[in-house]
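Engineer: If you want the building blocks of each chain, they are given just below.
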Amino acid sequence: MYPARFRYEAPRTLDEALDLLATYGDEAKVLAGGQSLVPLLKLRFAAPELLVDINNIPGLGYHREAADGALEVGALCRHVDLEYSEILGERRPLMASAAPLIADPIVRNRGTLVGSLCHADPQGDWASVMLALDGEVVAASATGSRTIPMAEFVTGPFQTVLLPGEIAVEARVPAPKGTPAGRYLKLERRVGDFATVGVAVALDLDGGTVTRAGIALTGVGGNNLKAAEAEQVLVGGTLDAATVREAGRLAAEIARPRTDHRGSAEYKRHVVATFVVRALESAVPVAA
Amino acid sequence: MEKRRVTVTVNGEEQVVDIEPRVLLAHLLREGLGLTGTHIGCDTTNCGACTVLVDGRPTKSCTMLAVQTDGHEVRTVEGMAKASQLHPVQEGFKEEHGLQCGFCTPGMMMSAMALLERNPDPTEEEIRWALSGNLCRCTGYQNIVKAVLWAAKKMQPAGA
Chain A
1 MYPARFRYEA PRTLDEALDL LATYGDEAKV LAGGQSLVPL LKLRFAAPEL
51 LVDINNIPGL GYHREAADGA LEVGALCRHV DLEYSEILGE RRPLMASAAP
101 LIADPIVRNR GTLVGSLCHA DPQGDWASVM LALDGEVVAA SATGSRTIPM
151 AEFVTGPFQT VLLPGEIAVE ARVPAPKGTP AGRYLKLERR VGDFATVGVA
201 VALDLDGGTV TRAGIALTGV GGNNLKAAEA EQVLVGGTLD AATVREAGRL
251 AAEIARPRTD HRGSAEYKRH VVATFVVRAL ESAVPVAA
Chain B
1 MEKRRVTVTV NGEEQVVDIE PRVLLAHLLR EGLGLTGTHI GCDTTNCGAC
51 TVLVDGRPTK SCTMLAVQTD GHEVRTVEGM AKASQLHPVQ EGFKEEHGLQ
101 CGFCTPGMMM SAMALLERNP DPTEEEIRWA LSGNLCRCTG YQNIVKAVLW
151 AAKKMQPAGA
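Sequence order for the protein chains is A and B. Going by the working numbering, the first residue of the first sequence is number 1, and it counts up by one from there. Going by the working numbering, the first residue of the second sequence is number 1, and it counts up by one from there.
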């Protein structure tokens, strides 16, 4: 399959890329890893006039911990960089467990975390991870930059608040408040399939006490969903079996799964509850 | 439509081609350079049959624009054998019956070769993980894994 014709530019600086976007507006599309965009071009679901390939812009491939303890992920940081990261491990256990579950190993070699957020597929895994961690997206334009909370970034399936002249240049995760714990669990029919159900759990702990909890769901709604009530029951205490089960029940309650070829709505809702329990149990010791 | 000049090293040889930006790497290899060993399977980024190495990393050539390889290095299945000497991965597929219909084989071998370059002594589990983006519709995975184990053993330095 061939994409429809488009003009192609591969600027060497971010300023040049932003100028092109300022000129072309919503006729332009940014190309990073291309693992979602290129298939869309081939299927002609997307037919932009101009592709702005940002792969030749140096200095966007990083992921690093900033002085304030926040994690910064550049627009060209590939999934594989996070999968084999030496800095994620203990500090970002949720991200470390999610990275090897993104798509398949070949796609992970090119696809990017920031690109995945911008693509805003409701079945994308990183959006749930970022929601659970209260992440943010930094968007640059020819006139400046702004930071957008992940909870406000996605407006609907495949839609974000990014303006036509903006490029998402970085994703940020705030510093953990205490000892971080977390886990991503994903049910998929085979490697590379979209999640039947995905559950992201991130906790910050002070001793055994939960000081912050983030839970988000993949594949069971029109968007990635944040399970605020389930988070609430975890905060302020130590984890015991009854509390963990209650969190699972509350998370399943906000899920809005649809019956499809991956499973019935009832089944998916059940998996949400089970995964919340399992993710919590595997992330931290839970009292009987 | 305006064509772009692309200079790309394919299997060690520099190629200069003028192509439309919408041409995919798989098209450039197969139609532009006549390297039909790279197979297009699903054409929708699912199957991995079209996998080649771009700067050493397995990449779905149906999901990358050929213009993006300007200044980069691409390796395909045609670059594996040296003269009449098969690459150990190719030999492994032959010895362990790692192919049935053969359609997924070039992509499988590219992923396997990249794995062995990164990890010369992988476990069976690591092989299965590394090949999990390559689908075999004959479902011949058992022998494919054996083939890669065979190649890993063959590639161990003598006495190891």
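Keep in mind the hints are simulated off the structure, nothing from the lab. Check the hints yourself; a few may be wrong.
When the alpha-carbon atoms are kept at most 20 Å apart in a straight line, the in silico SDA-like pairs for lysine to any residue are as follows [said to hold, decoys possible]: (1) K42/A x K154/B; (2) K3/B x V191/A; (3) K42/A x E9/A; (4) K42/A x D43/B; (5) K177/A x A142/A; (6) K3/B x P48/A; (7) K154/B x E91/B.
Engineer: What's the verdict on K3/B and P48/A, does the C-alpha distance respect the 20 Å limit or exceed it?
Structural biologist: 17 Å, holds
Engineer: For K177/A and A142/A, compute the direct alpha-carbon distance and say whether it is at most 20 Å.
Structural biologist: Violated: K177/A and A142/A sit about 35 Å apart, past 20 Å.
Engineer: Holds or violated: are the alpha carbons of K42/A and D43/B at most 20 Å from each other?
Structural biologist: Roughly 9 Å between the alpha carbons, so the hint for K42/A and D43/B holds.
Engineer: Take a quick look at whether K3/B and V191/A sit within 20 Å of each other, Cα to Cα.
Structural biologist: Between K3/B and V191/A the Cα gap is close to 37 Å, so the pair fails against 20 Å, i.e. violated.
Engineer: Are the Cα positions of K42/A and K154/B separated by 20 Å at most?
Structural biologist: 41 Å, violated
Engineer: Starting from K42/A, check that the Cα of E9/A is at most 20 Å away, please.
Structural biologist: 18 Å, holds
Engineer: Is the straight-line distance between the alpha-carbon of K154/B and that of E91/B 20 Å or less?
Structural biologist: 9 Å, holds
When each numbered hint is compared with the structure, violations occur for hints 1, 2 and 5.
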